[in-house]
Structures are given as structure tokens and as C-alpha cells.
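Asks: Work out the full structure: start from the sequences and follow the hints.
Quick note, the sequences are listed as chains A and B, same order. If you read the first sequence in my numbering, its first letter stands for residue 261, the second for the next number, and so on. If you read the second sequence in my numbering, its first letter stands for residue -18, the second for the next number, and so on.
FYI, nobody ran anything at the bench for these hints, they're computed from the structure. In this text, a Cβ means the ideal position worked out from N, Cα and C, and glycines have one as well. Where hints are given, some of them may not hold.
[Unchecked claim] In silico DSBU-like pairs for lysine-lysine, Cα to Cα no more than 35 Å straight-line:
#, chain 1, residue 1, chain 2, residue 2
1, B, 124, A, 308
2, B, 124, B, 49
3, A, 425, A, 522
4, A, 476, A, 425
5, B, 49, B, 61
6, B, 49, A, 308
[Unchecked claim] Some chain B residues flagged as far from chain A (calculated, every beta-carbon gap over 10 Å):
#, residue
7, -2
8, 39
9, 42
10, 44
11, 49
12, 64
13, 154
14, 155
15, 158
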Amino acid sequence: MVCDDNSRLLHGYLDGELDLVRTLEIEEHLETCPDCAQQLWSQQTLRKAFRSASLYERAPSGLAVRIRASISQEGTREARATSQLTPITMPAPKRQTWNWLAVAAAIMLMALLTWRIIPGTENRGKSDLIAEELVGSHIRSLQPGHLFDVQSTDQHTVKPWFDGKLDFSPPVRDLTGDGFPLIGGRLDYVDHRAVAALVYQRHQHPINVFIWPADKQTDSNPHSESSRGYNMVFWERGGMYLCAVSDLSTSELKQFAQLLEK
Amino acid sequence: MPNAIEQAGSAGRFEEIVLPHLDAAYNLARWLVRNTHDAEDVVQEACLRAFRFFSGYQGGDPRAWLLKIVRNTSYSFLEKNRPVALAEEFDEKVHVRDVPTIDAEAIMVRNVESRMLRESLEELPVNFREVLVLRELEGLSYKEIAEMIGVPVGTVMSSLARGRYRLRESLLRARARESMRGL
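Replies: Here is the structure:
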């Protein structure tokens, strides 16, 4: 064994990555070669220094928030792209000499694809329409005199105001302590039904929270979308759809959604 | 809104599986691009790529999967933004092996300061820096590193040997500079 070869294997030995035969060979060599023993010792010391030097760089605190926001935006964009592409990616039937087995297979494949794709497309289209409606409602509410039917910072005034005007009772909470004061509410109309719109404020930015009963009793995590420069965060809780719309950043809107859920 | 729910579900699963390894992702990117701001951009881009490929993720170690994407994104960033530096770094000049005297060595290893070690690691060529970070800071095995950077296990051992040797050399030089200044 030559030392050059050993100086490489020494690192495998240091890292505990050598097989038994080579480990024994190296240990034997170390007993007779002071140069290599010295090298091993200095590398062991270097490793100790490495571990105690706190060289590990942890992610800054805001990074996770930014990544979550960009992922949910990406999710939305992808969903839109898919819903636009699906009609084109459907296989076009080709004119060929009839092979009945192939025809049967094609019919089954078409049936399968249709069954898989169409419901999704319908839902996606509908979801986009509702998102557009919500942004439209938000913009309309910002025109002079359209923001409130009831103007109050008291949740015990705003919540009873909806009684008798809707077929459900929206959850109403003031978040003044968290920097998102409730400033009022109004009736609005989305997805062919009357919905509750609660108005909150963050600094000078108004936030509309639209609330209406869900089709199913499922809960979901906040999911964001953007349209015409406005951001939206949707989620489902306790059998209600909730959607916050504002010109605030997505991360601030998500923070707001989390506070509402507390 | 089923679309919203579906997307939130997939993003939620991604966040659950991948985002716990954000520190590891950032650590690798930070040591490869050597700048906090660029590292953040690289990690954000890598996570977005990871999210796009997420449907193809077949299980296995999510940290290794994410780190591989971070590594590729870091190299793309370096190729685009610092092509000259990258080419120079890969030019491995074989240094004459001057074994330091035992005295110098003893002085060096007893007094390695964090700052000096950090600077010496930053000065290493990227291919050596990378294996050292993955081995010493991330604690990956030779096999995991080999799979991640696409080389045989023996090459990982050689790179570690040369990287550590260079690191020690650079520390000795830094140490010598400091003591000259001190005199």
C-alpha cells in the first residue's frame, strides 16, 4: 500500500464508509505510518472545528411564507392552464379501416377520459367564474357609498343585522386587536345567491370577506388566487365557503384568514 | 369551489412533505451561491420547480429529492450569473503537496476560528465545497451524495479528500497571514 492511495482511503475511514477489510488494512497502516496518523488526527480536529463553528445556514423566517404564496399562485395558474388545454388534448378519432376491437377500445378510452375530464373542467370553469364575480363585487363595493349596509365596528351589531336577510348566519369576529378591525357588513350576490360580505380594514386597505353556505361539510386550507391586481384567499370551514378579497399582499391576506380561523 | 379545494390539497401535501426541509435547502443554496439574497431566490425557484414535479415524486427521502433540485437550480443560477467564476473554480490545479510541519499543524488545529473556517470554506472551488457541505453539515452518506451529484461513490471520497486537504491548506495560509499581521 502506498501512502497516496491511503490518504484518500483515510477519509473513507474517517467517515466510517469503508468495508471491514479496508478498515483493518488502514488501521494496520496507521500503526506504522506516522505521516498518515498525523493526517488523520488533523482531519479529526478539523471536523470537530467544522461542527462547532455553526456553519449551518438556516432559512430566514420570511422565506417559507413567500414560498407558500408562490406555490399557491402556481397551483392556480396550473389549474387554469389545464382547464384551457383539456379540450385540445382530447384524442381526435382517426379515419382508418375499421378494426372493431380498436374501436371498442377507443370508445372505452373516450368514455374514461370524458368521465375523468369533463366534471373537472366544469368545476374549474365555475370556480373561475365565481372568482371573477367576487373580484367584481369587491371593486363595486369600493365605489363611493357601496361599502356598507351596516357600518359598525361591533361584531354584536353586525352579526344580528344579517338575521332575516339570509338563510344562514355568517360567523362575525372583530380582529381590531390583531390589526384588522371590522368596519361593517352588507348583503351581496354571488353564484346566484345572496351572500354575506363583511368588511375589514388593514391600514388603508379594505378587505371584503364573502361568506355563503358550502355544498359539502368539508374543511380546507386557505388557497390563494389573483385577478386584475386583487388577491383572493379561499377556504372552507364549518360548512361555509369563505373568500377574502383585497389589494393586500397574498401573505397578509393569508395571515388574516388564519386570524379569522383562530 | 372544488378547484380551490383540490389545489389547496395538493399544495398542502407539498408543504407537509417538502417544506420541513427548507433549512437544508437554504443551507445548500447559501453555500453554493455564497450570497444570502441569491440563495433565497434560488430556494424559492427550486421549491416552485419541486412543486411542478411533485406529482412525479415517488416517495423516498424528500430531503434528498429537494436537495437535488436545489443543487440543479443553484448550478443553473451560477452558469447564468457567474459563468466565469464557475469555469475557473472547476479548473482543478493540482497543488504540490507540501506537508506542513507538525508545529504549524498543531497551532492551526487548536485555534481554528469560526470566521476563518467559514472564509476558507467559501474560498473552496464549488465542487469541493459542495461535497463538504453535504457531508459535514447535512450528514449525508457517500452513497446519498453520489446519487445526488451523479458520480461514483469513489469520486465522492476523492473529492472529500481533496476538499479537506485544500481546506486545511487554506486555513494554514489564513493562520500565517493573521500571525504576520499580529507581529
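Asks: If we take the beta carbon of residue -2 of chain B, is the closest beta carbon in chain A still more than 10 Å away?
Replies: Residue -2 of chain B is indeed farther than 10 Å from all Cβ atoms of chain A, at 12 Å.
Asks: Is the nearest CB of chain A more than 10 Å from the CB of residue 42 of chain B?
Replies: holds (18 Å)
Asks: Given the hinted pair residue 124 of chain B and residue 49 of chain B, is their Cα-Cα distance within 35 Å?
Replies: holds (14 Å)
Asks: Quick one: work out the minimum CB distance from residue 39 of chain B to chain A and report holds if it exceeds 10 Å, violated otherwise.
Replies: holds (20 Å)
Asks: Decide if the proposed pair is consistent with the structure: residue 124 of chain B and residue 308 of chain A, CA atoms, cutoff 35 Å inclusive.
Replies: Within the cut-off at roughly 23 Å; holds.
Asks: With d taken as the least Cβ-Cβ distance between residue 154 of chain B and chain A, does d exceed 10 Å?
Replies: holds (14 Å)
Asks: Is it true that the CA of residue 425 of chain A sits at most 35 Å from the CA of residue 522 of chain A?
Replies: Holds. Residue 425 of chain A to residue 522 of chain A sits at ~27 Å (cutoff 35 Å).
Asks: Regarding the pair residue 49 of chain B and residue 308 of chain A, is the alpha-carbon distance no greater than 35 Å?
Replies: holds (27 Å)
Asks: Is the Cβ of residue 158 of chain B more than 10 Å away from each Cβ in chain A?
Replies: holds (18 Å)
Asks: Would residue 155 of chain B pass as off the interface with chain A, using Cβ distances and a cut of 10 Å?
Replies: holds (13 Å)
Asks: Does the alpha-carbon distance linking residue 49 of chain B and residue 61 of chain B stay inside the 35 Å limit?
Replies: Status holds; Cα separation ~18 Å.
Asks: Please confirm whether residue 44 of chain B is truly not at the interface, meaning its C-beta sits more than 10 Å away from all C-beta atoms of chain A.
Replies: Holds, since 13 Å exceeds 10 Å.
Violation of the numbered hints given earlier is absent; every hint is satisfied by the structure.
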